[in-house]
Amino acid sequence: MWKIVSFFVSLSCCLWSENLEIALPTRSVVKPLYISRFKTDPSESDWRFFDELRGILEFDLSHGGFSSIVPIRSELEESLQWPDPRKEFKSDRWLKEKITYVLAVEVNQKQLALTAFDTEKQTAKKYPAISLSGRLETDRRAMHRLADAIHKDLFDVEGIASLRILYTQRSKNGEDTGLDYLSEIFICDSDGANARQMTTEKGYCLSPGFLPKMGEDPEFIYVFNNEGQSKIYHASLSKPKGEPLVSLRGNQALPAISKKGNQVAFISDVAGRPDLFVQNLDSKRRMIGKARQLYSSPRATQASPTFSPDSKQIAFVSDKDGSPRIYLIDVPGPKDTVRPRPTLLTTKNRENTSPAWSPDGKKLAYAAKVDGVRQIWIYDFATMQETQLTTDPETKENPAWAPDSLHLVFNTESSENSELYLVHIAQGEPILLSKGPGQKRFPCWESR
Amino acid sequence: MNRLTYLLCPLTLLFFTGCVRNSSQTWEDFKTAGRYVHRGVDAAFGKEYESRLLTSDEEFIGPYDAEFIPLRDSDLKGAYAGADTPLPQPKGIPGQRGVPSLSDFYAPSDDMRLYFQSVHFETDEYAIKDKHDLEALMHMAAYMKKNPSIYLVIEGHCDERASASYNVALGMRRANSVRSFLVKQGVDLNRIYTVSRGKEQPLAMGHAPEDWKTNRRSEFKIYEK
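Heads up: the sequence lines are chains A and B, in that order. Quick note, the first sequence lines up with residues 14 to 461 if you use the numbering used here. Quick note, the second sequence lines up with residues 7 to 231 if you use the numbering used here.
No lab work stands behind these hints: they were computed from the structure. All C-beta atoms in this analysis are idealised placements derived from N, C-alpha and C, irrespective of residue type, glycine included. Honestly, I wouldn't trust all of these hints.
Okay, the calculated bits of chain B under chain A, using three or more residues with CB under 8 Å as the criterion [unchecked claim]:
| no. | segment |
| --- | --- |
| 1 | 162 to 169 |
| 2 | 205 to 212 |
Below, in silico cross-link-like pairs of lysine-lysine (BS3-like), each with a Cα-Cα straight-line distance of 25 Å or less [what the hints assert, rightly or not]:
| no. | chain 1 | residue 1 | chain 2 | residue 2 |
| --- | --- | --- | --- | --- |
| 3 | B | Lys97 | A | Lys303 |
| 4 | B | Lys37 | A | Lys361 |
| 5 | B | Lys219 | A | Lys185 |
| 6 | A | Lys325 | A | Lys254 |
| 7 | A | Lys375 | A | Lys361 |
Covered stretches of chain B (chain A as the covering partner; in silico rule of three or more C-beta atoms under 8 Å from a C-beta of chain A) [said to hold, decoys possible]:
| no. | segment |
| --- | --- |
| 8 | 30 to 37 |
| 9 | 111 to 122 |
| 10 | 138 to 150 |
Construct the complete structure from the given sequences, taking the supplied hints into account.
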C-alpha cells in the first residue's frame, strides 16, 4: 500500500517541480573577444566616426551569442604590432589573459583592414579591405556584413547582423480627416539603427513579413487598410508601394508566408467568420487557383497562422475550446481528401497569441499571459516543453525569429509606448533596439 | 483499507497540483480539456466536427464558380444551433460597378445617429447581449429595410487587453456577428460591409474597466446612394 502512496506522492512532486524548472532550449559557449582600437594614420581626425564603427562591430559580435567583448586595455593594444599584426602575434600572451579571439583593426587612406585571430586554434585571417565612404548609414551596412563574415569564420555559424528588420510604426494622425491613428511600415538594421520609413500609405499598415530572398531587391508583404477593408499587399524595398497579393472579398489579415514563398496563410471573413485560409502562389507572387478555407469553427475566432519550415503544418491561434490557445493543423496536399483536424499544442498558459515557428523547425515562440502580463514563451517540439523566456513586467507580443533560430525580436505593447527588443533564447536578457517616437510593433527579420 | 488507499492517492495528487494554480486557472484548463475531450469522443463515435472523409475530388475542390474552396461545414449547424450563421460577404466589390467605395462612407449625421448608435460587447465576446443594444440594432434594421438606398459599414473594435493580432481577428468576428443579426432582421446582406479595427483606434485612452467597455464596440458608417 505504501508503495502506491509513495508513487502518487512522488508523481505529484514531479508534476509540481516541472512547473518551476526553466530548461533553456539552446545553450552556446560564450568566449572572450577583444576588438582593438582602430589604428589610424595621423591625418585621420574623425575619432567619433571610428568609435561608431567600432561600436557596430562590438554590438554585432557581442549579441551573436558566441562571444563577450573584453574592454580595451592599453597593454593589450601595445602588444599588437603594426602594420601587419600577424607577424609578431603571440597567442600565448592572449591566452594568458583568457582571450580567445582578437580583432586587430586598422584604417588607412579610408580603407579599413581587419585581421581576426583565434588564439586557441592559433589561426589568423586577414579580411579584404573595406572602402569607407564617410557616411555612417552606408558604412554601417559594410560593418554588419564584416561582422557576419567574422561570425561565420570564428564560430562556424552564419551571423544575422547584416539582415534587417521590418516593423510598423503607429502614431497619432495629425490631420482632422481619416483614422485617428496611422501606422506605416519601417525598416531598420539588426541593431535598431538606420530606421527609415518604407510605406507612405497614410492609412493603417500591419503585419509586415519578408518573403524568401529571390534577388537583390528583398520583397515583403503587409496588410493595409485606409478607411476600407484590410487587404494583403506585396511590395519590395525598392518599390514599397504594394500590389494586392490575394483577391478575395471581405477582410484579409495576419498573413504568413511559407519558407519557399509558394503559399500564404491568412485570416479572412470572406465566408462570414474569421477563418484560416491558404492560397498557393507562383514564383512571381501571383495566385494559383483559389484560396482554400482550411479551418472554421462556429463559435471561435482564428488568428495568427505560422508555417512550419516544411510547409506541411500551420500553427495558429483559436479560442474554440475556451481562451485563445495555439493549435496545429496539417496543410492538405492537392490530392488529400480528408479535411485536417487541429490539435491543441500549448496547454501551460491561457491567452496564447502570436505564434512564430523557428526556421529550424524545432521551436515555436509565442506570447502568453503570466500573472496578468503577456510574456514570450518557447515551445520545444522535441521535448514538448513550454519555457518562459522573458520575465520583466512589460507586456510583450509578436515574437519573430532571426534566420539563425537563436534570436528573437519582439515588441512591448501599451497604448502609449511600444518598442522593439532583441533577445538570444539561451542568454535571456532582452536588449532595447528601437529609438525615437511612435509605437514600433510587428517586427520581422529579413530572410537570408 | 485498499479502498481508502485508492481514494487517498488521487486526493494527494489533486492536493499537490492545486499548489501551483489558482481556482480560475484550473477552471479554464478544465473547460478547455473538457471541450477537447468531448470532441475527441464524438470523433471516435463517427460524429466528426472538423474532418470527414470526402467521396470525390469534386466535393473537395468545391464549386468552380466560388471565389474560394469552402469547408463543407453544413453538418456543424445542427451541433451549434445558438451560433451565428456565417454569411458570405456582399457580391458587389466596393468601388466597382455602382457599389460605393468604402472610403466614401461617412459617420451618420446628427439626425441619423439615432438609427446608427454604437453597440458594445462583453470581454472576448462577439455577440451583442445588452438589451438596449439589441433594441438599437432592431431599430437600425427597420430603418435600413425602409431605406434600401442606404449602404452600411460595420466596424469591429476591441479593448487594449488582448494582443494586437488576436484583436484584429476578434474585430472581424464582432463586425460579422452584428451583420448576421441585421440580416436575420431582414436587411439585404449585399448592402452591409464589415471592417476590423482591432484595438488600433480606441475612443477611451484610460485603463479602467469603463474605458475597456467604451472601446469594445461596433461603430457604423453609412452611404446613401
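### Numbers of the earlier hints that this structure fails to satisfy, in rising order
6, 9 and 10
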